Amino acid sequence: MTLRLVLMLSAGLLMLPAQASAMHISEGILPAWWAIFWFALAAPFVAWGVKRMTACKAADPAYLPLVGIFGAAVFVFSCFPIPVPVAGCTSHPAGTGLSAILLGGPASVVVAFVSLLLQALFLAHGGLTTLGGNTFSMGVLGSFGGLAAFRLGRMMRTNLFWAGFMAGLASDLLTYLGTSLELALALHGNQSIWLVLGQIYLAFMPTQVPLAILEGVVIGSILVYVEKHRPDILRKMKVIKESGA
Amino acid sequence: MRRVMVLLFIALSLPVFSAVAEEQQPKWPGVDEAVVEKYARELGREARDPYINTDQGDLLLFLFALSGTVGGFIMGYCWHKVFVVGKLSRNSEE
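Protein chains in written order, with our numbering: chain A, 1 to 245; chain B, 1 to 94.
Source of the hints: derived by calculation from the structure; they are not laboratory data.
Keep in mind that the hints are not guaranteed to be accurate.
[To be verified] Below, in silico cross-link-like pairs of lysine-lysine (DSS-like), each with a Cα-Cα straight-line distance of 25 Å or less: (1) LYS87/B x LYS57/A; (2) LYS27/B x LYS228/A; (3) LYS87/B x LYS241/A; (4) LYS57/A x LYS238/A; (5) LYS241/A x LYS228/A; (6) LYS81/B x LYS238/A; (7) LYS57/A x LYS38/B; (8) LYS87/B x LYS238/A; (9) LYS238/A x LYS228/A; (10) LYS238/A x LYS51/A; (11) LYS51/A x LYS228/A; (12) LYS27/B x LYS38/B; (13) LYS236/A x LYS81/B; (14) LYS241/A x LYS57/A; (15) LYS57/A x LYS236/A; (16) LYS228/A x LYS87/B; (17) LYS87/B x LYS236/A.
Please read these numbers as outputs of a predicted model, since none were measured by experiment.
With the hints as extra help, turn the sequences into a complete structure.
What follows is the structure, encoded as structure tokens:
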């Protein structure tokens, strides 16, 4: 009952419209060569994801509604500015940890790419020239980092909630690490890359740590909900073993 | 009476002070403004306007409301399909 209430409140909050300002690197910040480099790095992951999604859809038509739920969730999560009182700023979660667990890592990259493209085109959020960089940080690092943390959690025999929590935490913090790395590599000038990377990443922390914890709680709660109501989905996506362990 | 007057004065002046403070520094900036664009500017790079600039008046608010509604509808529709209809059909199969 409490879980349902938390989920309903979270869903209600997600529906609130507001102007987003967040981790996406804005239009024009990355120099042309770096923009091309990140596009080239992200493109194979997007292609792999499209191939995996087509295969999963052909194997099981029930995969599509899952893409609908978690694809829309990533879109809404990643343009939903949450005020963080300790930092006095707003920022947003990534959501790709959740989609990576329930749709698979490659499909989660596609979902992130489509979300970022729509936001760049219509919501003045992120940018078309920085789409490759943003896809790499939120899509690739967020998805695969979150998935790795989830699997690590399961290997450590934590329950589904805590493994989901670890995935949320990792996907959020790795997304922002990716953003910091992209900025540091492109703009460090005469300064040390590591120094610039550290400065930018540390500047993200007061806003991002509370949000990463929140994202972890949301992902953990959703996984527990899915396990309770549709454990077959978790078994199908190999999130839990056939025995339910 | 004097105490009431002082309290009343403070209460009435607060909105004025907060308005001045708001002009000096916008409240609740996004982390892109506070971190990404700030560091980019310090390192010699400025953000430019988006190619399709929807940040004009209430247009952006409209688009955010629209995308929230559409995203919410898709999520809710698919959620119903998976966790309500799907659960019922799964239970009847069992």
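Exercise. Quick one: which hint numbers does this structure break? Sort them smallest to largest.
Key: 2, 7 and 11
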